[in-house]
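Number of protein chains: 2
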Amino acid sequence: MNFSRTATLAEVGEFPLIAAITEGLSLQAEVRVGPGDDAAVLAVDDAVAASVDVLVEGVHFRRDWSEARDVGRKAVAVNVADIEAVGARATGLLVGFSAPADLPLGWVLDFAEGIRHESHAAGVSLLGGDVTRARDITIAVTALGSLEGRDPVLRSGARPGNLVAIHGRLGWAAAGLVVLGRGFRSPRVLVEAQRVPQMDYGAGAAAARAGATSMIDISDGLLADLGHVAQASGVLINLRREAFDVAEPLQAVAAATGADPYTFLFAGGDDHALAATFPSPDAVPAGWLIVGGVSLADDDHAGVLVDGAVWESAAGYDHFGSQRASEPRR
Amino acid sequence: MNFSRTATLAEVGEFPLIAAITEGLSLQAEVRVGPGDDAAVLAVDDAVAASVDVLVEGVHFRRDWSEARDVGRKAVAVNVADIEAVGARATGLLVGFSAPADLPLGWVLDFAEGIRHESHAAGVSLLGGDVTRARDITIAVTALGSLEGRDPVLRSGARPGNLVAIHGRLGWAAAGLVVLGRGFRSPRVLVEAQRVPQMDYGAGAAAARAGATSMIDISDGLLADLGHVAQASGVLINLRREAFDVAEPLQAVAAATGADPYTFLFAGGDDHALAATFPSPDAVPAGWLIVGGVSLADDDHAGVLVDGAVWESAAGYDHFGSQRASEPRR
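Sequences listed follow chains G and H, in order. For the first sequence, the tail end lands on 330 under this note's numbering, and the numbers increase by one without skipping. For the second sequence, the tail end lands on 1330 under this note's numbering, and the numbers increase by one without skipping.
Everything labelled a hint here was simulated from the structure, so no lab data went into it. A hint or two may mislead.
[Unchecked claim] In silico contact screen, one side only, chain G against chain H (beta carbon under 7 Å); selected entries:
id : residue
1  : Leu-42
2  : Ser-51
3  : Val-59
4  : Leu-127
5  : Arg-155
6  : Asp-260
C-beta: ideal position from N, C-alpha, C; glycine also.
Take these sequences, add in the hints, and give me the full structure.
Quick look at the structure:
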């Protein structure tokens, strides 16, 4: 690389850019062919799990709110989360990267460093990608994973009598977005949670081994995502509000903004915690919090209740419809 | 679907949109889990080939030049071509779709129909996707493929003494772009070639079975892409100009525009023909045209020659650097 960090992508050109991104890449042993050919080749057992997520500048991140490195880390994390949520171990990533021709090379190098850092943490290899010109930065990451011989854990497997448990933070990223939206940079832990979700890689596969009957990545909000599980399984999910801990930073932001902290917990997305159902308390792995149970849906009313009632608040996020009040706007 | 085709994506909303796209989807037997869960699950043998390509409105297609259905077909074709080029059989697709909130539903339905049509032709299943809001339509397709127990055919396998052969059209899409750029709609065969490449699915796997030593999807132009093969293999590739047929429509456009028709053949991308090297004439499958040979690169000058000399013309395409004169501009 003989380019300065302030050189634009137009000045650098496509092939040197790819070389810069893939330089010094470490690949796991299961990668038979890495970046640089028409397609990558990944060794797998008998099945591969696959998922794609797209992050768009101005919709999912803002360059003035997030460092490039954090955007790279987040792009990996949100995709690996989907692979974890079917009980698989993420193994490979493909990144489709579109950006304006006047974007400085430094941004892309930092972004690539974030991809590398988080990929290393997740034990996943960058298999390939595509770079192209566009008006806005758009990042499409496809994650591949190995089921290691297990059946996938689907949204449709929750059964009456199961327990509902969660693993990971709820509401931190949403609270961080509120903080950023009001021009603040603290509580710092919340702002950081909004920039990069705190992941516990391997938790999904561990839950699958422990006998999880259904599982989902909480990306749109706990109630919305458990709603998908309830619908797919044809069951009623009953949460107990008192089972949830309201973390101190959430209490602080709720108090400062007059919000109900449970709105963060129940409707906040982007933390990429896992929710799963288990057949018994013994099956619930360490680190998971039991927050409710599964019962028969009467009269086809599959859904989610909190303390026996419908939770009265915005319960999710529609990528084309009404926006979250706190969503970043361009 | 209770929405009119003129409804905007904002009016339709994310989940009904996904339902509309995935409605009536047919999945091959190897798909264990299709769209609708956190990740799809695809049965494979011992390895999976994977590749991603991104198409951006205003860069790779224009809504006034291409119907939505053609954009969908092209998105599938260009990605399957990469899987074919390592000698694999494409099996699954994941589509990351970003679009403005005011895009009419009809465009997306036609696009999805194009995806379905071309997927059926290629024998590939739509495994999953992501839809999100963006200023421009951006389509990131990841294709997965099965090597069926074979080793992948890489760019690095060309050996001195091998023959070079091509399969498929060269220069048609580039000539079609020139036609469209001048405001014409004929020769129609060229315009259609620009909108959707004419694919012969299975040709890559057949070449692999026949013993191809290296292979590449011609997306940036024959000389540029064979240059990648020459570099990766450390060889010299010698093409014979007289071995190429200049199809009649190319002759017509070249004559009308004062262009050299061999510029279309040698530098035109987007037809997604295959170029491969074979150990002997006997190994070259029917339908392939032998156009040259492979020799030792002297003094590390790996590269491509035409009739013993460097071809003096624009030899490729850089996605961030100088644009093709004929590239669509916004």
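Check: Is the shortest C-beta separation between Asp-260 (chain G) and chain H less than 7 Å?
Finding: 25 Å, violated
Checklist line | Status of the Arg-155 (chain G) interface restraint (C-beta, 7 Å, chain H) | finding: OK, holds: Arg-155 (chain G) within 7 Å of chain H, min 5 Å.
Next item on the list: Could you check if Leu-127 (chain G) really has its C-beta closer than 7 Å to a C-beta on chain H?
Entry: 6 Å, holds
Checklist line | Closest C-beta approach of Leu-42 (chain G) to chain H relative to 7 Å, hint status | finding: 5 Å, holds
Notebook entry, point to check: Minimum Cβ distance from Ser-51 (chain G) to chain H below 7 Å?
Noted result: Holds: closest Cβ of chain H sits about 4 Å from Ser-51 (chain G), inside 7 Å.
Notebook entry, point to check: Hey, does the Val-59 (chain G) contact hint survive, CB to chain H under 7 Å?
Noted result: Hint on Val-59 (chain G): holds, closest Cβ of chain H at ~5 Å, below 7 Å.
Of the hints listed earlier, the one the structure fails to meet is number 6.
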